[in-house]
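J.: The chain contents come next:
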Amino acid sequence: MPAGNTTERYGWVSAGLHWLIAIVVVGLFWLGWWMVDLSYYDDWYTLAPHIHRSVGILLIAAMILRLLWRWLSPPPPALASHSRFERAAAHMAHGLLYVLIFVAGITGYLISTADGSGIDVFDWFTVPSVTGEVKRMEDWAGSVHYWVTWAIIALAVVHALGAVKHHVVDRDETLRRMLGLRPR
Amino acid sequence: MLKRIAVASALSVAISAPLQADDGSGTYAFDTKGQHQSINFKISHLGYSWLYGRFNDFDGEFTYDAENPSESSVTVTIDPASVDSAHAERDKHLRSEDFLYVDEYPEARFESTRIELDDDNPKEADIIGNLTLRGVTREVTLDAEMLGHGEDPWGGYRMGFEAETELTLSNFGIPMDLGKASRTVELFISVEGIRQ
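So the protein sequences, as listed, match chains G and V.
full-length UniProt numbering applies: residue 1 is where the first sequence begins, and numbers increase by one.
full-length UniProt numbering applies: residue 1 is where the second sequence begins, and numbers increase by one.
Mixed in with the good hints, there may be bad ones.
Below, computed lysine to aspartate or glutamate pairings styled on DMTMM-like, alpha-carbon distance capped at 20 Å [claimed, not checked]:
hint	chain 1	residue 1	chain 2	residue 2
1	V	33	V	98
2	V	33	V	177
3	V	92	G	133
4	V	33	V	166
5	V	33	V	186
6	V	92	G	139
7	V	123	V	57
8	G	135	V	57
9	V	42	V	103
10	V	42	V	79
11	G	135	V	107
12	V	123	V	61
13	V	92	V	79
14	V	123	V	164
15	G	135	V	79
16	G	135	V	84
17	V	180	G	42
18	V	180	V	192
19	V	42	V	162
20	V	92	V	22
21	V	180	G	133
22	V	42	V	118
23	V	42	V	166
24	V	92	G	37
25	V	92	V	164
26	V	33	V	59
27	G	135	V	151
28	V	92	V	103
29	G	165	G	37
30	V	42	V	164
31	V	123	V	23
32	V	42	V	186
33	G	135	V	166
Just so you know, the hints here were simulated from the structure itself, not pulled from any lab data.
Note that the structure is a prediction, hence the values are computed from the model and not measured.
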C-alpha cells in the first residue's frame, strides 16, 4: 500500500488518518458522554476530562494534517458505478463531517479556555487561550459542542450505513479501498 | 420657669435639627450601576480549603423605617447564571442541573417577611424571609448589620448593609454530592442603597 493516494485507491496515510480519526471521534463522544455524570469522588472525575481535552486537541491537529495531506495527495474520485445522487450525497456528508469535527474541536477548546486559561495536553505541552476571558463563553460553546457532537455521530452512522450498502448490496470497492484491500 | 424650658427645648431642637431632619428613612435601590454591592459565597473544598465565588448580577431595594426599624423590608432578585468562580468549566457545571439548573430556574429571589432587632446592638438585626433558589422556597435568616448611612458627595443619600447566612445545598434540591465537608455554603451579601 503506497503512502499517497492514487486515482484508483487510498494510500495508507489517508486510510490510516481516516480510521484513526473515526476511532478517536467515537471514543471522545463516548468519553464525554460518560464523564459528565461521574460522581465527585470518582477516580476518573478529573482524569477523564483531562484525557478528553488532551485527545481533543490532538484530534484537531490530526484533522489539520488530514486537510494538508488531502491537498498534497488528493483522494481518488468516486467509483464510476456510483450514481450522481450517491456522489452528491457522499460529497456533502464528507464535507459536513470535516466541518462538524472542526466545530466540535474548536467549541470544546473554547469551553475550557473561556476563563483565559490554557489547555494542558497530557503533560506534554499547553495550548494557550486565544480569546482571553470571555464571560459566559463556556455556556454557548458548551451548547454548540453538545449538539454538534451528536450531529457528528448521527452523520457518521449514515456515512457507515452508506459504506456497508456499497459493500454488501452493490458489492463494489468503496469500503474495500478504504480498508486498503486489493480490488476483488 | 416656663420660659427657661422653652429656651432649653428650642436649643435642643436647634442642636439636633440636622440629625432629625434626616434619619435615613425611605426607600433605597441597590447601587447596581456603581457596583457597590456583592454577593460572595464560600464552600469547603474536600474539607481542605475554601472555594470563594460570587453572583455578579443581582438587584433589589429596601425600605428603612428609622422610627420602627423592625418595619423595614428588603427584596433581592439574583441571576443565578451570573455565578462566577473564576473557572469556566466549573461555572458551566454550577449552572447545570447538578447545581443551580439556571435554564429551568432563571431567577433566585429573597423577600423579607420580618425583622428582629438585636437587643444588644442597635445596628444588627436578623432579617427573616423567603429565599427561592432552584425553584425551592424556604425561610432563611440573614444575620445583618447596618454599616452606615448619610449623604454622598454627589447629592444622593446612601445606606449600606452587610448580611450573612448559611444554606444547606440539599434543602434547595441541589443534587450534586460534594462530600460531607461541603454540604453547606456560606453567603455574604453586601449592599449599598441609594435613596429614591
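J.: All the hints need checking, so say for each whether the structure fits it.
T.: Here is what the structure says about each hint:
{"no.": "1", "hint": "V:33 to V:98", "in the structure": "31 Å, violated"}
{"no.": "2", "hint": "V:33 to V:177", "in the structure": "36 Å, violated"}
{"no.": "3", "hint": "V:92 to G:133", "in the structure": "14 Å, holds"}
{"no.": "4", "hint": "V:33 to V:166", "in the structure": "27 Å, violated"}
{"no.": "5", "hint": "V:33 to V:186", "in the structure": "25 Å, violated"}
{"no.": "6", "hint": "V:92 to G:139", "in the structure": "6 Å, holds"}
{"no.": "7", "hint": "V:123 to V:57", "in the structure": "27 Å, violated"}
{"no.": "8", "hint": "G:135 to V:57", "in the structure": "12 Å, holds"}
{"no.": "9", "hint": "V:42 to V:103", "in the structure": "23 Å, violated"}
{"no.": "10", "hint": "V:42 to V:79", "in the structure": "18 Å, holds"}
{"no.": "11", "hint": "G:135 to V:107", "in the structure": "19 Å, holds"}
{"no.": "12", "hint": "V:123 to V:61", "in the structure": "19 Å, holds"}
{"no.": "13", "hint": "V:92 to V:79", "in the structure": "14 Å, holds"}
{"no.": "14", "hint": "V:123 to V:164", "in the structure": "14 Å, holds"}
{"no.": "15", "hint": "G:135 to V:79", "in the structure": "14 Å, holds"}
{"no.": "16", "hint": "G:135 to V:84", "in the structure": "9 Å, holds"}
{"no.": "17", "hint": "V:180 to G:42", "in the structure": "15 Å, holds"}
{"no.": "18", "hint": "V:180 to V:192", "in the structure": "35 Å, violated"}
{"no.": "19", "hint": "V:42 to V:162", "in the structure": "15 Å, holds"}
{"no.": "20", "hint": "V:92 to V:22", "in the structure": "46 Å, violated"}
{"no.": "21", "hint": "V:180 to G:133", "in the structure": "33 Å, violated"}
{"no.": "22", "hint": "V:42 to V:118", "in the structure": "25 Å, violated"}
{"no.": "23", "hint": "V:42 to V:166", "in the structure": "10 Å, holds"}
{"no.": "24", "hint": "V:92 to G:37", "in the structure": "14 Å, holds"}
{"no.": "25", "hint": "V:92 to V:164", "in the structure": "25 Å, violated"}
{"no.": "26", "hint": "V:33 to V:59", "in the structure": "10 Å, holds"}
{"no.": "27", "hint": "G:135 to V:151", "in the structure": "35 Å, violated"}
{"no.": "28", "hint": "V:92 to V:103", "in the structure": "12 Å, holds"}
{"no.": "29", "hint": "G:165 to G:37", "in the structure": "36 Å, violated"}
{"no.": "30", "hint": "V:42 to V:164", "in the structure": "11 Å, holds"}
{"no.": "31", "hint": "V:123 to V:23", "in the structure": "14 Å, holds"}
{"no.": "32", "hint": "V:42 to V:186", "in the structure": "5 Å, holds"}
{"no.": "33", "hint": "G:135 to V:166", "in the structure": "27 Å, violated"}
Consistency with the previously given hints fails for numbers 1, 2, 4, 5, 7, 9, 18, 20, 21, 22, 25, 27, 29, 33, ordered from lowest to highest.
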